[in-house]
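In case you want the letters, here they are:
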Amino acid sequence: MKRQPGKGINGAGLGPGKKTRLNRILHQHGLRNGTAIFLPYDHGLEHGPRDFFDNPVVSDPAYIIRLALEGGFNGIAIQIGLAEKFYWDYAGEVPLILKLNGKTDIPSDAEALSPLHASVADAVRLGADAVGYTLYVGSPAQETDFRQLRQVREDAQRFGMPLIVWAYPRGAAIEAKGGRDSFYAVDYAARTASELGADMVKVNFPHPEKVSGVKDAYQHEFSPQQAINAVVRSANRTLVLVSGGEKAGDEAMLEKTRQSMEAGATGLIFGRNVWQREHDESIRFVARLQEILSKYPQAGAPGA
Amino acid sequence: MKRQPGKGINGAGLGPGKKTRLNRILHQHGLRNGTAIFLPYDHGLEHGPRDFFDNPVVSDPAYIIRLALEGGFNGIAIQIGLAEKFYWDYAGEVPLILKLNGKTDIPSDAEALSPLHASVADAVRLGADAVGYTLYVGSPAQETDFRQLRQVREDAQRFGMPLIVWAYPRGAAIEAKGGRDSFYAVDYAARTASELGADMVKVNFPHPEKVSGVKDAYQHEFSPQQAINAVVRSANRTLVLVSGGEKAGDEAMLEKTRQSMEAGATGLIFGRNVWQREHDESIRFVARLQEILSKYPQAGAPGA
Amino acid sequence: MKRQPGKGINGAGLGPGKKTRLNRILHQHGLRNGTAIFLPYDHGLEHGPRDFFDNPVVSDPAYIIRLALEGGFNGIAIQIGLAEKFYWDYAGEVPLILKLNGKTDIPSDAEALSPLHASVADAVRLGADAVGYTLYVGSPAQETDFRQLRQVREDAQRFGMPLIVWAYPRGAAIEAKGGRDSFYAVDYAARTASELGADMVKVNFPHPEKVSGVKDAYQHEFSPQQAINAVVRSANRTLVLVSGGEKAGDEAMLEKTRQSMEAGATGLIFGRNVWQREHDESIRFVARLQEILSKYPQAGAPGA
Amino acid sequence: MKRQPGKGINGAGLGPGKKTRLNRILHQHGLRNGTAIFLPYDHGLEHGPRDFFDNPVVSDPAYIIRLALEGGFNGIAIQIGLAEKFYWDYAGEVPLILKLNGKTDIPSDAEALSPLHASVADAVRLGADAVGYTLYVGSPAQETDFRQLRQVREDAQRFGMPLIVWAYPRGAAIEAKGGRDSFYAVDYAARTASELGADMVKVNFPHPEKVSGVKDAYQHEFSPQQAINAVVRSANRTLVLVSGGEKAGDEAMLEKTRQSMEAGATGLIFGRNVWQREHDESIRFVARLQEILSKYPQAGAPGA
Amino acid sequence: MKRQPGKGINGAGLGPGKKTRLNRILHQHGLRNGTAIFLPYDHGLEHGPRDFFDNPVVSDPAYIIRLALEGGFNGIAIQIGLAEKFYWDYAGEVPLILKLNGKTDIPSDAEALSPLHASVADAVRLGADAVGYTLYVGSPAQETDFRQLRQVREDAQRFGMPLIVWAYPRGAAIEAKGGRDSFYAVDYAARTASELGADMVKVNFPHPEKVSGVKDAYQHEFSPQQAINAVVRSANRTLVLVSGGEKAGDEAMLEKTRQSMEAGATGLIFGRNVWQREHDESIRFVARLQEILSKYPQAGAPGA
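Chains as they are written, first to last, in numbering that gives the first Met the number 0: chain W, 0 to 303; chain Y, 0 to 303; chain C, 0 to 303; chain G, 0 to 303; chain F, 0 to 303.
Since the hints were derived computationally from the structure, they do not count as laboratory data. Hints are supplied without guarantee of correctness; some may be wrong.
Copies of the same chain are indistinguishable here, so a pair counts whether it falls within one copy or spans any two.
[Said to hold, decoys possible] In the DSS-like style, the derived pairs of lysine-lysine whose C-alpha atoms are separated by at most 25 Å in a straight line are: (1) Lys214 - Lys246; (2) Lys255 - Lys176; (3) Lys214 - Lys102; (4) Lys84 - Lys214; (5) Lys102 - Lys176.
So here's chain W without its partners, still in its complex pose (with noise of 0.2 Å):
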């Protein structure tokens, strides 16, 4: 199997401001060789603290920050409450990446739409490098969702900020076509957030195995590296950031990584995988994973 070649930054459709943050996240923090491991902390929100009940220390946005230093993160991705309390202490030390939208899981998720509670203006002001907005794909609430994300792509161009899209497959016309997490709607999603001008885009692994309802062109065997190729492939010049989703089996989430940096992504987004465990164990695993990436330098590295 052949590798897949990685994206990096070099293309003059990211104008200078988005090449100056894109460039400082993947070439002067972390590996710096051009891939990315993300701290995603939004669980809080997006799950209440129950995610947090078997290491309560990691209900300390502190030492969320903390291990994201320690473990040479490449960025953290928080909501604009944590980061007006808490990204002073650590100004400049770990790229932030202000997370624009959010919302409960209390309510049904069938017309899911993740509501805005901050701005691009908002992160220009913390001195975050990108803006994050999740996107319910397939959601019937897609209107308002295309225009919230309308008015962030635009303000993230004018002011040179990337645009990181958590796109997520959604809502009950998914859940009839082979869930979120089935290939076809892993596949869709990230082109949907590549095609409506995601700089990165977050996505889950594609599970080729889920075909219950899905089109017709997944309907076939694929392997899991010839499903998360097609997905690399499709968010063409979007670099492509792998979620960990719920904490899994250690060897399962490294091959997963892998596989992913096989195919040509940026890297990854962890989250429970990496804190929802003791202090050092998490040191110890994003050892790991950086061992993997540090094999897959990407472009546009300085003199590149």
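Given the coordinates of chain W, assemble chains Y, C, G and F onto it according to the supplied hints.
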């Protein structure tokens, strides 16, 4: 059967900016005789990557833009994300039609609406020569649809940007009245676009034999030529582009093309029928289309 | 004497809109080799109709636009009033450079300032491919001048519209320091336009022999070639257009042209030297200029 | 002497709103042959009531509007205050030209500027068919003057409202260069209005014998007919209205009228020469003017 | 002589965005110890190309940016035109300080004012880490100067963008009171920048021996060290950068550097003293400056 006259771009209602940009599309690219073939490439959003499975190279937007250049197309129609990332490399080589709205085909079509995700100002900034808007004629969501289109039309008028309307009959009521490609539905859609301010309208080729549930006037025997003649006439000074739709037999497509041009259409907008083939075969098929269009020069040429 | 390299339009700083429009001007009109000859026609405002007395037909803007078409010019530079009334008839046939400011030569030049009378938005609406702004380098009115230019530059950046600065040394201090066409003054003017964001700059050919009152660095013997070389270098990535100024001897103009192109200039902006002659003589003179420019193809051509 | 052709209103640059309103003025009032006589009545502001002393009834705006109706004028030009108080009674009976700027003649004219006191939006609200703006060509205040005019032009374009510029040479530099009604000054003023976007321009009849201080090109012997021919040509597609100025001998005025129409002017704008007489005498004088204009029908009539 | 403490960036008044960006400049580039050497390159506008004559390669902005990279500078300070055209190629490699105002040195300096030609929003868009503003302390134009600075300060606060003030005593009154580099004038300028909201201030090294016309308090004998100590103290929490000014002897510059750092300055902003030499010599000279700065680590480093 007497050929209907073409329409040209010399109506003073166009204003200098729209005339400049249409002149460029129709007389400075492609056959340069006032006809046009556009290459649409919004399928990644509208259908998902499945449309690219048979010929995976077409999932790469750069391949498509190069195909448009090699084939001598009059323009490519893409969404904002691909335009931002890929058009710079070919800026000005082939006219850009920025598609301003779009949707996934995951949720139900019963209340079809294509949300805006870009603006006419984006099109100006990117150097586009036209904007595209999908109007779902007959959809229960027409209030929002018309409100969106009104904003686009006003901006297009203010910036001198030609407005191409993808006029698609859609929604439960349409399905009950002959379906989306009945003569009745296509004819009504063409007229609606014209009444609401389109400079060009993209329609499907009308099917006069689909009469179940259509209005009385359409409950008669019409030849395909009569039907497309009527559709072009309904569009009056709005230039007509005939859509290729799903990939179909070559001879059928060529015959449709001949009938459309005979009726006074300006040209074609063919996506899957072109790029769902191997590269050289795509080029050869386009050449056959152009051979037909070369027999139908339109008014508005330099010196006309 | 080693020829200096041309500049081209492939710098990522241009953005897709500016690149599209410059590509059109430089590679889809005129010689299509990256060089340019523009026909300026703002003399009716800047000098009054007296410039038209020797050849009254040139007081008719339609004559001038046709001359630009017949002569194969890369663009015409006119004020808003003529653009509104005359460009429609030739919309898109020859690129329009909308001149955004201008003044009469009736009041004193001591505090020269060229007031804005049109906007970049007007240029977009009219289908123009560039805007022109006259900057009076060295004038005591520089505060207002810079403020006006800043607005134009921001709008041009926002709309992807190339900005051509007419960089004219002017005012009492300039007259005391070598005059408006000294090497010192022209070199400084070219650099100022570049520092303030011009995509192209129009300068007079520098006179290195005018040394009375100029800064020490210019108090040396320089050949005309050395002087124009330095001016083009001072402009760095800003493309240089050399002005014809008052009608002068043909051989002198051709020699200036050769020297300018040798220095790496992009082309010429010749008004009175072209249209203050009988029609066929104008065309013949332009052909001689083009013969020179054809030897200096620039980077940035399609496929480059 | 060959008669110069009239200009008409069929240029596409006008847009539908301007064409509608000009068609109303030129073809549905007065002689209905494309010519025009306007009745200006801004003297109460520009000179003060002294202009009304010889015939006190003319200080009553209602008298003037009735005079315009009885005399078959193509429009009255008045300031906002009189328009607000008097036009309702005759709304639509005679076209209203709302004069948007004006000044008293009390302070010095050296830096002449006519401040705005109404807007194009006021004109729309009042049902006016055109707006008038006084531009002091050659005044040192040209920066402010051009800025004001730019706003008026943009609004007029946006609202489809014809823009009539009162182009008056004025200021110390003009006095030093032949004075305000020299051929040089009037010719330059007509051109300036055209370059800055006037649809019609009001000029004084040029005096070719005033040559002291004028540019060389005007230092020759020109007949009055040659001079007015040149002025109309300088205005190109901008329609020319010749001003009556101070009351003068009837035969002289009629001769000027003949020469102006022969030159291709659209008509007259006569105030004091009309209403500084007894009522019936005013009407008789207008009839003599119309007799001349009836011999010069202009293009642009309905069906033309 | 007791060394004065450095200032660092840990004051909460900074806000997270300013702290992030200052942290990047001071601790993630150059020596990474809280000190800084900036490379200013606005001489093409402020003095004209004559500053480049001795070493013509420095007229190329790309050369200068590469010099900043090779020399390990903490930032380059350039105008908008060069930033737009050249920064993309090196985006993020070296911090960009966008200079927001500037002027030519052609007209008289008596009422010195540096007009704005770019905005803080431009800086955000380009990915800059600070903005620069030249304040002419003591100029009669201070009303306009303060109004401009107020807008910049407000925008900088809103966007979290550090504000560096070039505090230059200037104007007729300054010349009469000790001149632009007297201790009195420099001390006053440093304080003025601090009082008006500068995050950093660029000052010339003070000359305590220039006492003619200065206020009594400065009419005493002060050592250069005492003078620079006082200036740094006057700036309080505003970080101080000492300017190199015209090229001078190396030993003198190194001594000034030592004295400045001893006084608690943050670093240097050296243009002509660096780039008006041959390339390798520039690098060697910077290394000698850095050797000094390495002895003065400042607070605010990671973990501080």
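Structure-based check of each hint:
1. Lys214 - Lys246: between (29 Å within a copy, 17 Å between copies)
2. Lys255 - Lys176: Answer is within; shortest intra-copy Cα gap is 23 Å, inter-copy 35 Å.
3. Lys214 - Lys102: between (30 Å within a copy, 17 Å between copies)
4. Lys84 - Lys214: Neither: 46 Å inside a chain and 28 Å across chains, both beyond 25 Å.
5. Lys102 - Lys176: Classified as both: same-chain Cα gap 24 Å, cross-chain 17 Å, threshold 25 Å.
When held up to the earlier numbered hints, the structure conflicts with hint 4 and nothing else.
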